[in-house]
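Student: Here is how the chains run, residue by residue.
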Amino acid sequence: MKPIDTYNVCFLGRTGNGKTSLINALWGTVFKTDPLVACTKEMYSVTVMDDVPNGKEGLTAYDVPGIGEFSSDSKYERFYQHVASVADCIVLVTTFDRTDAPAQRLLMRLKPFIDKGKDVKFIIALNHIDSTIITDIKKEYEPWDSETNEPTEKCTQNIAERISIIHERFDKIFLPFEVVPVCAMRHYGIDKLKTLITIDNHDGK
Amino acid sequence: MENKERRFLIDRIFDKIFQLGNVSKEDQETVNHTLNKELLEKPFRVAVIGQAGVGKSTTLNAVFGLENYTSNLAEGTKEVVEKIYPIRDGFNLSIYDMPGLNNDIAKDIEYEKLYRQILPWCDVIVYVVNAHSRDFGEDCRILKEIVLPICNENKVRENLILAVNKIDTIGESINPYDPELKWDAFKNEPTEKLKIAIKKKLSDIIDKLIDENLIGANESLEKHQVVFYSAVFNYNLRDFILAITKAGKRGWIWPATVGLERVGQWSDAKLSKD
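Sequences listed follow chains A and B, in order.
Position 198 of the first sequence, counting from 1, maps to 198 under the working numbering, and the rest follow consecutively.
Position 47 of the second sequence, counting from 1, maps to 47 under the working numbering, and the rest follow consecutively.
Incorrect hints may appear among the rest.
Said to hold, decoys possible - Think about it this way: if two alpha-carbon atoms lie no more than 20 Å apart in a straight line, the pair counts; the simulated SDA-like pairs of lysine to any residue are:
1) B:Lys-201 <-> A:Glu-77
2) A:Lys-111 <-> B:Ala-106
3) A:Lys-75 <-> B:Lys-107
4) A:Lys-194 <-> A:Asp-97
5) A:Lys-32 <-> B:Ser-173
6) A:Lys-41 <-> B:Pro-120
7) B:Lys-144 <-> B:Ser-173
8) B:Lys-201 <-> A:Pro-35
9) B:Lys-195 <-> B:Asn-213
10) B:Lys-208 <-> A:Glu-77
11) B:Lys-107 <-> A:Ile-123
12) B:Lys-208 <-> A:Val-37
13) B:Lys-107 <-> A:Val-37
As the list claims (entries may be wrong) - From the derived model, a few chain A residues whose C-beta atoms are all more than 10 Å from chain B:
14) Val-48
15) Glu-69
16) Phe-70
17) Arg-78
18) Arg-98
19) Phe-113
20) Ile-114
21) Gly-117
22) Ile-133
23) Tyr-141
24) Thr-152
25) Ala-160
26) Tyr-188
27) Thr-195
In short, the hints are calculated from the structure, not lab data.
The beta carbon of each residue, even a glycine, is placed where N, CA and C say it ideally should be.
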C-alpha cells in the first residue's frame, strides 16, 4: 500500500489567536475551541481529499498548542519542531495584539527544521480583525459592517497599519510571506486564505 | 487637627520614642535631620513593568494614589521619563513607566538595556501581570531571563514585587455568563462561588511559579513578593502595601509616610459602600 501523499499545512501562533477556529472554518472540522482558556493542549491533524494542491492526494492540517502558555523551554517545543519539519505550508496566526516577539523567536528557532528540499510556503493570517482591542474608545469604533460582512473603512485602515508593522517585524526573520486578513468567526477571508494555502507556488502569481 | 503642620507619620513615631527614651536635643536634631533628608531629598522610586493591558495605570492610581495616571509611552519611544509626583509634606514619589517587552525582538534588546540602567536604582520594582492571562508563560520567561537576573546582579531582588492584578475578573474567564462568578460590586468582595474560583486560580499561579523556578528556587522570589489584588476594586491592597514595606532597604518609607493612611482610607471606603 502506498501511503497518502499529503500536502502538510501547519498553524502556529500565540495562544488565543484562533488557530483552531481557523482550521474549523477552513475545513469544517469541529475541534474544540474556547475564547478564554488555552484549550488546544495536544497536536491534532485533519486530512482531507478535496481541494488539494496539484499532484497531491490529500491535505493535512496540523493544529498545535499556542505559544505563550509556558516559558521558552516549552513542553510543546517538540510539536512545533515536528510540524515545521513536515510542513509544505506554514500559517502564522496573529491578531491586532502587537506582542509579536514570541512568534518572532519561535520562527527563528524553527528555521533550521524547515525541509530545505521543499519550497515551503509561509502565510501570516491576521485574525480577529473585528476586534475592538485596537482602540481605547470602544464606543466610537465600529469595526464591522454586518450587511456586507466586511470590515468598515476605519477597520480597513487599522488592518493596513497592522500589516505594515507585521512586515517590519517579520520580513527578515523567516521566509517571504503574504498577509491575509481573516475573521474566522464571521467566515471572512476564509476562501482567500484557503486558495492561498492550496495554490501551487509555481502556477500562482 | 492638633498638629499645626502635617508631619510624616514616621516623625511622629520618633517624637514619641524621644519622649520615652530621654534623648538629648542634639541627638533628636541629628535623627530628625537625617530622616527628613532621606524622606525629602531622595524620592521614593518605583518602576512599573508589564505588558499592555495588565493594568499598570490603575495599579499606580490605586496603590500609589496617583489620580488619573495614564501611561504616555507611545510604542517605539526609547526613553523612559522619570516622573516626579509631590505626594505630601514635600515627600516625592518618582515613577518609571517601563516599556513592556515582547512586542518586537529588536526593541526588546533596547528595552533590556533600559531595564538594566533603571531597575538597580529603584526602591520598588512592580511587575504587573493579569491573573487570567493566557500567556502567563511569557511573563515567567521575562521574569526569569531578564528581570530577575538584573535584580540579582545588582542585589535588588528584594525590591521586586510580582503584582497579580485583576483577580476580580477570574470568574469571567471561567464563565462570563454565570452571575455567581461576577464580582459583588455592592459589597466589594467576591461572591462565595467566585472566592472558590479565585483560590483555585491563585494556587494554580503559585504552582506555576514554583514549576518555573520563580518561587522556592535559588535566587528566586519569596512568596510574600507575590501579591494578588484588584486595582479597579481596591481589593486586597493591604498585601500589596505589606509587600512594599518588606521591599528592599527603603520599602518601609512608603507606608511610614503615606501608605498606612491610604490603607485606612480604603477600609473606610469599603464600609461606607455598604
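Student: Does each hint fit the structure? Answer for all of them.
Tutor: Hints, verified against the model:
1. B:Lys-201 <-> A:Glu-77: violated, 25 Å
2. A:Lys-111 <-> B:Ala-106: Holds - the C-alpha atoms of Ala-106 of chain B and Lys-111 of chain A are around 18 Å apart, at most 20 Å.
3. A:Lys-75 <-> B:Lys-107: Answer violated: Lys-75 of chain A to Lys-107 of chain B is near 27 Å, above 20 Å.
4. A:Lys-194 <-> A:Asp-97: The hint is violated at about 23 Å.
5. A:Lys-32 <-> B:Ser-173: Judged against 20 Å, a Cα distance of about 17 Å means the pair holds.
6. A:Lys-41 <-> B:Pro-120: The hint is violated at about 39 Å.
7. B:Lys-144 <-> B:Ser-173: Distance of about 26 Å is beyond 20 Å: violated.
8. B:Lys-201 <-> A:Pro-35: holds, 18 Å
9. B:Lys-195 <-> B:Asn-213: violated, 27 Å
10. B:Lys-208 <-> A:Glu-77: With a Cα-Cα distance of about 18 Å, the restraint between Lys-208 of chain B and Glu-77 of chain A holds, given a limit of 20 Å.
11. B:Lys-107 <-> A:Ile-123: Measuring from Cα to Cα gives roughly 24 Å; hence the hint is violated.
12. B:Lys-208 <-> A:Val-37: Holds, because 16 Å separates the two Cα atoms, which is no more than 20 Å.
13. B:Lys-107 <-> A:Val-37: violated, 29 Å
14. Val-48: Given that every Cβ of chain B is farther than 10 Å from that of Val-48 of chain A, nearest at about 29 Å, it holds.
15. Glu-69: Label violated. Min Cβ-Cβ 5 Å, cutoff 10 Å.
16. Phe-70: Its Cβ does come within 10 Å of chain B, the nearest being 4 Å, so this is violated.
17. Arg-78: holds, 16 Å
18. Arg-98: violated, 5 Å
19. Phe-113: holds, 19 Å
20. Ile-114: holds, 19 Å
21. Gly-117: holds, 28 Å
22. Ile-133: violated, 8 Å
23. Tyr-141: holds, 16 Å
24. Thr-152: Thr-152 of chain A clear of chain B: closest Cβ-Cβ about 23 Å, beyond 10 Å.
25. Ala-160: Label holds. Min Cβ-Cβ 17 Å, cutoff 10 Å.
26. Tyr-188: holds, 23 Å
27. Thr-195: Given that every Cβ of chain B is farther than 10 Å from that of Thr-195 of chain A, nearest at about 30 Å, it holds.
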